[in-house]
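Go ahead and model the full structure; you've got the sequences and the hints to work with.
Listed here are the chains, written in short residue letters.
Protein chains: 2
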Amino acid sequence: MTQEKSEFLKGTLDMLILKVVAFGPIHGYAISQRIQQISKDFFQVHQGSLYPALHRLEDRGWLQAEWKESDTGREAKFYTLTRKGRKQLETELLNWERLSDAVALILRTVE
Amino acid sequence: MTQEKSEFLKGTLDMLILKVVAFGPIHGYAISQRIQQISKDFFQVHQGSLYPALHRLEDRGWLQAEWKESDTGREAKFYTLTRKGRKQLETELLNWERLSDAVALILRTVE
DNA sequence: GCATATAGGTAGAACTTCTAGGTGTAAGGG
DNA sequence: CCCTTACACCTAGAAGTTCTACCTATATGC
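From first to last, the protein sequence lines stand for chains A and B. At the far end of the first sequence sits residue 118, using our numbering, and the numbering has no gaps. At the far end of the second sequence sits residue 118, using our numbering, and the numbering has no gaps.
Be careful, since some hints might not be right.
What the hints assert, rightly or not - Distance condition first, Cα-Cα at most 30 Å in a straight line; then the derived DSSO-like pairs of lysine-lysine: (1) B/Lys17 / A/Lys47; (2) B/Lys47 / A/Lys94; (3) B/Lys17 / A/Lys91; (4) B/Lys94 / B/Lys47; (5) A/Lys17 / B/Lys94; (6) A/Lys17 / B/Lys91; (7) B/Lys94 / B/Lys75; (8) B/Lys94 / A/Lys47; (9) B/Lys17 / A/Lys94; (10) B/Lys91 / B/Lys75.
Said to hold, decoys possible - Each pair of labels, with its calculated beta carbon distance range: (11) B/Lys94 / A/Ala111: 15 to 23 Å; (12) B/Arg105 / A/Val117: 20 to 28 Å; (13) A/Glu97 / B/Ser77: 37 to 45 Å; (14) B/Lys75 / A/Gln40: 50 to 58 Å; (15) B/Asp78 / A/Gln44: 50 to 58 Å; (16) A/Thr87 / B/Phe15: 33 to 41 Å; (17) B/Gln44 / A/Lys84: 42 to 50 Å; (18) A/Gln40 / B/Arg90: 38 to 46 Å.
Hints were generated in silico from the structure; no laboratory data involved. Quantities reported herein were computed from a predicted structural model and do not represent experimental measurements. We put the CB at the ideal spot given by N, CA and C, even for glycine.
As structure tokens, then:
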């Protein structure tokens with residue numbers, strides 16, 4: 008068990024998961040790998056964050072799960088975005104943009 | 008008491024406070040106004056978030072407090088950045104940059 | 001035979017933010 | 001004179017997310 012750094016996701020985890028799932032059906036373990044890979048190892052989504060998040064998103068009706076066989080021949084839970092989930096993703100993208108713009112305003116203030 | 012929206016600060020509050028205090032001694036109430044003003048009302052730092060945060064930052068040795076008279080002639084606690092606080096701000100700025108870059112990587116992935 | 005990677009999960013701690021209250025002074029309008 | 005608003009401080013407890021630390025099980029490679 009190697010885990011050097013812990014990178015706090017600061018409320019972005021849900022959005023990142025929704026975004027990755029938006030590319031097509033994918034199982035939990037692969038989601039965390041994908042996020043880590045695309046972010047060039049900045050984000051390390053540990054399983055203790057991942058699975059609770061997935062269940063949260065499913066409970067809210069944003070994700071839908073289905074058991075299927077994975078590449079490796081094992082059973083895995085594949086997640087898909089629901090219509091509500093797609094809307095939620097759009098909302099979160101917009102919010103993120105606004106948030107980072109607002110932060111930028113403050114950080115760039117020179118005064 | 009009017010409070011329409013609640014804007015979640017997603018872990019950026021400490022950084023924003025440090026940044027605002029970096030401009031010079033300022034008291035709590037004014038910090039929240041400043042953040043709201045500069046962010047064009049995106050961030051509304053409620054007092055229940057503000058004061059615990061200020062005490063947290065003071066406890067960690069990043070801020071230093073001193074009672075002085077404010078513009079309005081009343082006593083107020085003026086906060087200043089310590090040397091440690093200035094270092095912390097730099098660290099947080101770097102982290103924020105990395106975080107938003109990493110998020111951008113994922114959001115801009117077209118796959 | 002053992003470690004690692006894959007795949008799922010939970011419980012509980014830690015931390016931040018929000019809700020909802022509290023104190024008190026000063027200024028301005030009715 | 002009372003009421004409201006702005007200023008300025010504060011706390012307790014709820015809610016929410018993320019982290020730490022575990023658990024299970026199979027397949028593959030050394």
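Item to complete: Check each numbered hint against the structure and report the violated ones by number, ascending.
Response: 16
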